[in-house]
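**Q** Listed below are the residues making up each chain.
Protein chains: 4
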Amino acid sequence: MSNAQRYSLLAEQLAETGVDIEVARAALKHQRIETPSWGYANSGTRFKVYPWPGAARSVPEKLDDAALVHSLCGIAPTVAIHIPWDRPPDDDYAGMRQYAEAKGIAIGAVNPNVFQSEDYRLGSLGNPSAAIREAALDHIIECCEIMPKVNSDILSLWFADGTNYAGQDDLRARKQRFEQGLGVAYSRLPGGSRMMIEYKFFEPAFYSTDVADWGMALVMALKLGPQAQVLVDLGHHAQGVNIEQIVAALLDEGRLGGFHFNNRKYADDDLIVGSVNPYELFLIYNELVAAGEAARDVAYMIDQSHNIEGKIGPMLQSVLNCQEALAKALIVPRARLAAAQAAGDVLQAHRLLTDAFRADVRPLLIAVREEMGVPADPIAAYRAGNYEAQRAEARGSQLGSGGYAV
Amino acid sequence: MSNAQRYSLLAEQLAETGVDIEVARAALKHQRIETPSWGYANSGTRFKVYPWPGAARSVPEKLDDAALVHSLCGIAPTVAIHIPWDRPPDDDYAGMRQYAEAKGIAIGAVNPNVFQSEDYRLGSLGNPSAAIREAALDHIIECCEIMPKVNSDILSLWFADGTNYAGQDDLRARKQRFEQGLGVAYSRLPGGSRMMIEYKFFEPAFYSTDVADWGMALVMALKLGPQAQVLVDLGHHAQGVNIEQIVAALLDEGRLGGFHFNNRKYADDDLIVGSVNPYELFLIYNELVAAGEAARDVAYMIDQSHNIEGKIGPMLQSVLNCQEALAKALIVPRARLAAAQAAGDVLQAHRLLTDAFRADVRPLLIAVREEMGVPADPIAAYRAGNYEAQRAEARGSQLGSGGYAV
Amino acid sequence: MSNAQRYSLLAEQLAETGVDIEVARAALKHQRIETPSWGYANSGTRFKVYPWPGAARSVPEKLDDAALVHSLCGIAPTVAIHIPWDRPPDDDYAGMRQYAEAKGIAIGAVNPNVFQSEDYRLGSLGNPSAAIREAALDHIIECCEIMPKVNSDILSLWFADGTNYAGQDDLRARKQRFEQGLGVAYSRLPGGSRMMIEYKFFEPAFYSTDVADWGMALVMALKLGPQAQVLVDLGHHAQGVNIEQIVAALLDEGRLGGFHFNNRKYADDDLIVGSVNPYELFLIYNELVAAGEAARDVAYMIDQSHNIEGKIGPMLQSVLNCQEALAKALIVPRARLAAAQAAGDVLQAHRLLTDAFRADVRPLLIAVREEMGVPADPIAAYRAGNYEAQRAEARGSQLGSGGYAV
Amino acid sequence: MSNAQRYSLLAEQLAETGVDIEVARAALKHQRIETPSWGYANSGTRFKVYPWPGAARSVPEKLDDAALVHSLCGIAPTVAIHIPWDRPPDDDYAGMRQYAEAKGIAIGAVNPNVFQSEDYRLGSLGNPSAAIREAALDHIIECCEIMPKVNSDILSLWFADGTNYAGQDDLRARKQRFEQGLGVAYSRLPGGSRMMIEYKFFEPAFYSTDVADWGMALVMALKLGPQAQVLVDLGHHAQGVNIEQIVAALLDEGRLGGFHFNNRKYADDDLIVGSVNPYELFLIYNELVAAGEAARDVAYMIDQSHNIEGKIGPMLQSVLNCQEALAKALIVPRARLAAAQAAGDVLQAHRLLTDAFRADVRPLLIAVREEMGVPADPIAAYRAGNYEAQRAEARGSQLGSGGYAV
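Protein chains in written order, with the numbering used here: chain A, 444 to 849; chain B, 444 to 849; chain C, 444 to 849; chain D, 444 to 849.
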């Protein structure tokens, strides 16, 4: 049976629930997922970095790999960069941008790194030393200046800041230092751009983390102004936290900046998004679809650490998992769902939502891919394309500039 | 060796670290802990309520027991009430207040109950039904009206609202309903009083809770105005959450209303505060002491469920655990600690803080009690006083109006 | 399009991966899920029991409801009973059995209740009092004697035993008391029957639980003998625990007795199985299917607490969720999966497994139902059948004998 | 006031509860805590290793530092080694042993490393490749052969083995491979020695860990024989797990081999033992003291990762925290406690235990230290002794052979 036939069958099924598959198809064509430059390089745990044959060793190689992913799936046209990991020779950011554009992609979010210099042992903007706070701020401002050079309108901030022992530092003082430093950074944001503040439950700090949850990030964003928003990384919550509810709350407050997608079973495991709990990813997309216009400017970025399963394959899989989750969220019969909710029909409302998750949306996804001119099965195409062997031969198996999901 | 001698010895020890024991002693005399009326009644888990011989069966009996606790420890002069559990005959709130005063105590926070009518199956202020939201709001407004009658200036709000299944209701709609309802309630607050919004991670709702964390409570409080604050219950967080950091953040924002004290190892276990993790209680008090004036108006309330260990004994123990935690926080050598923190001397700063926890402050506590005219060992006095047997004989062992920690 | 056509389409899809849909169909016809008598009665949280109109109030009504569920789905032919909740008048167990059989079902596991008498405040088999341990043991032995009367070959043991405070009791002594008591109970098991020992992480005990994890249950089972096995309740683990790995380990040890199915996001939430994490349920069934003969005697029982969503509807949904999970596990292409695993092809192995989860198996399930002579959509049939209104009218809306998931 | 006077005062206090301080003092003199060679080297998180000035760069330097710790506290006479991190030139293990002895210490547990070669990407004994399993086994056998050369009688096994994705490998097959490999290793254990099997909840594997909990470790130990025991690392459990109960259970089964001490708030944070929850450490020691002879052969080892707080200072602090916890466990009034437990007096039993924790045992610890001829305050002595500056000057601040707590 052809996919066209399967697609018709799915369309028929959905029509029975009042859902128009063409609306879903149109929406899927506008989906965009950003991949991270560091996801193409070698990475690991504190115990070991296993080098992957052919992993990217340089910025051009990372951009090549991101471009390959985009060419195979059609919905990953931008790549996030991390400074200084991705600092080009002679700070030639214009050249970097042109290189990307020549490959058919663009630079996305700019991520300062204020955790890998030895100065940052006790933090960056939260450090008790004014000189180190200053150095961190200088680096963030440098990134603000890089943004227009690479045509980026997102400054994506993650801080490793925190303490390991009760008493190590003054918790309120650290909060105040952060608010002060972010205020300066905010004033240096390029016009029309946004600052996204990422929060994280723990790691690498093990007693307190200065921006530990969405409440702390939101408090800071509210004080800074409308260009400051909150970034949700799926791996940065305590066990059991209802992430889709946080997404709903931030959307309702107009402060959801974007996502760092990945998945975890335990801590910040940084696995392929949707691999641990595909239903949760669907529920998150369900909130985004339900919010309509309120979710218009949300930035979708992958931030993962592929330690043992390859680099490009799992990145592709991650993008595809997001595509599938969005497709399922798009076929939720919203009018019927709202009616069941209003009637207090608990079981029926739950069933209407989960029936959309149960559907096999692969015929819809294939139709979208065909329309976009990308392979029906991007991973099969990747595996068939000999890309991995070519890279292994050309690049070898060596540890280049490290990449860690944050 | 007399306590006076032990006290001198402790004073000498503390002086070596630059701490004046007299300052701590003075502060301890101003400590106040509110006990909950429902803590004197029978309570249990979903599996079983074990009746305790002599547990309070009525409002006067609860007030009698709270008065006994205060007479034995000297720092528990108020009692929180829960409406309708504590509704007096003919709504004679003035009479209730006078009864309490005659016993040497006063009424503290007023707690509406919007979870035990059958109407509230799908929530109160978050319910999809406008009529039920209205009923819940009416009850809250009734409590606002009760406040002046009992001389209370705290409206303490806990909501069981939430959903059990994904899809059951619209998460943003519920948030908006809450904000609307609280707005009306806020407008009805008596002048000079405060509304405290309690958050809870989960239970009794098992998929989403409408006010699930301090961020959601703070967002609501910020919209309402300065009389709205956040209430921190120690058992209402995900595992691993750094509660003292939330306390510090709320203090810094001027929005820490108060506490519901208890302790837990797993979920909202509602055990004796300080029994599971006394160090955590110390760290919380450490933030409060460190904040100085910013913590001046914080309300300290116990909210526990003593299911198997008696009623009055564990309530006394809870008050005493708070007293001990405060005493230890008061003897932290703050100047030295600040110096070590500024110098980035991680281990030394940690040691300075934990040495205060290591100290045996019982001689100080006994001195304070002697000065206040209460027994040196309130629990020993309680056990020696035959109070329990008298109550068991007078009241019997039967299930009266239930009490549940919230 | 007819279901026959959809079925052919699915068969074709599966054939491409080397899977024969007929094998899956045959296996599905042998699936059996036991429902619990107490799941048809009213239940709630410690805060409130909301009565559901028409909830079962008596043993015959519970059996009627279980029979209705079976008649609608065809794979729930037995019902677990709880003594004394389900004790028949005059202890007429033969009559109870006949009543069930007349309704087309049978009695399944017998569950003693050693937690709801006031004697059990400090435990049952772990109680410091020898007299109370004796009473608990007597009740368990009574249940052993009931088993042949109701044709049951499973004694299902769950203990609420534990402590709430460090120091409350001696942990090793409690373990030894348990081993001794279980030894006596084991000696009284009817020939050919099995004892299943359930473990639970916490609740209602909040400091320690005497049988807290699968390790403690297994240690006891190993000492008792081959008729003793471990029972896995999906809600009885710490956050993050990999349940399917425990299932695999117990299968490998020959000690997996059975399941109490339900689902949770937080603690022992006792929600509809598969409603919080359907992927996890699939992974559990995947281990069971993979184990083949080693899983032959596993008992599948539902143990849930439907507090706000009705009684019979959610029970049906639970059975259907298990059916769907098994169907997806049956279509995993095991030969290809084993080959990818052996080759260390991490991403490919993961994809082969998850593609089975992605499939929409509803055509297969409908085919199985048609063959079994039950409705294609049992819940739609239930809703259309007016069963709920009839029950509400006949039984009213009142609190009968409580039912709690354990 | 002199310490002798403070000691008398404490003795008097304890005598009132029926506790003889001299018994505690005698026991404290026999306490032994092993420190890990890798704890003296630089370590970090996956994000960054911050080099500490003067950190040990070689085996002799690690032994020097361990000897310094022992000379300052008197109770840390052995040091655990990790192969190949600590492999001496020309495999001269006799020379290594002599070097240690010349410094006044001895070699303790031998830890094979089967996770840092690139071969181990998919595991060691659990690897799907027979050749890699063989290589791992060869290394473990090599360690068995090293044991007599360094006079060690403990083989301490930790495995990073597991999977990151559902489906990646067959869970039962991995378990069986482990049992087979360990069987061979067990057969190569030197006479009179013990194999300790460590379990870990997660990390570096993020979906399943082959030896994930004490139950899995115990099942393996039981199959191997009496020389196989379980090793408890305090950071290797899910949140909320009652570790002291696991300790009690393993003691009761005769299978508690030893500990890897550290502390965590979140995951395997590897912080100073007792720094996050000193009460928990006390409760663990309480079980060990209560078990008496059954705990005679337990091995106490520290396994931490001091990333930002120095190396030798925090190691000393860790040893001292264990000393304090043992001291408090030794002054629990066991007869009174047992009587309260037998009487079911919950609150009193809890108070008797926690009063021991409340005591300030520093006078007792100082007395013990004086008797042992070590400084009364080992950390003050360390800080005063200029050891750190000397090491920084001699060794510089560079990254040597990495050390990670496992």
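Calculated directly from the structure, the hints in this document are not laboratory data.
Virtual Cβ for every residue (Gly too), placed ideally from N, Cα, C.
Hints may contain errors.
[As the list claims (entries may be wrong)] The calculated label-pair distances, taken between Cβ atoms and stated as ranges, are:
#	chain 1	residue 1	chain 2	residue 2	range
1	B	472	C	584	55 to 63 Å
2	C	447	A	461	23 to 31 Å
3	D	738	A	584	54 to 62 Å
4	B	461	D	635	33 to 41 Å
5	A	572	B	452	21 to 29 Å
6	A	562	B	473	55 to 63 Å
7	D	623	A	538	34 to 42 Å
8	C	537	A	785	19 to 27 Å
9	B	527	C	666	49 to 57 Å
**Q** Determine for every hint whether it applies to the structure shown.
**A** Hints and how they fare:
1. B:472 to C:584: 55 to 63 Å: Holds, since residue 472 (chain B) and residue 584 (chain C) (Cβ atoms, about 60 Å apart) stay within the stated range.
2. C:447 to A:461: 23 to 31 Å: The hint (23 to 31 Å, Cβ to Cβ) holds, given that residue 447 (chain C) and residue 461 (chain A) are roughly 25 Å apart.
3. D:738 to A:584: 54 to 62 Å: holds (59 Å)
4. B:461 to D:635: 33 to 41 Å: Violated, at about 54 Å.
5. A:572 to B:452: 21 to 29 Å: Distance hint for residue 572 (chain A), residue 452 (chain B) is violated at roughly 39 Å.
6. A:562 to B:473: 55 to 63 Å: Violated, at about 44 Å.
7. D:623 to A:538: 34 to 42 Å: Once the Cβ atoms are compared, 56 Å apart, the range 34 to 42 Å for residue 538 (chain A) and residue 623 (chain D) is violated.
8. C:537 to A:785: 19 to 27 Å: Given range 19 to 27 Å: violated, Cβ gap about 49 Å.
9. B:527 to C:666: 49 to 57 Å: Holds, at about 52 Å.
Hint check: violations occur at hints 4, 5, 6, 7 and 8; the rest are consistent with the structure.
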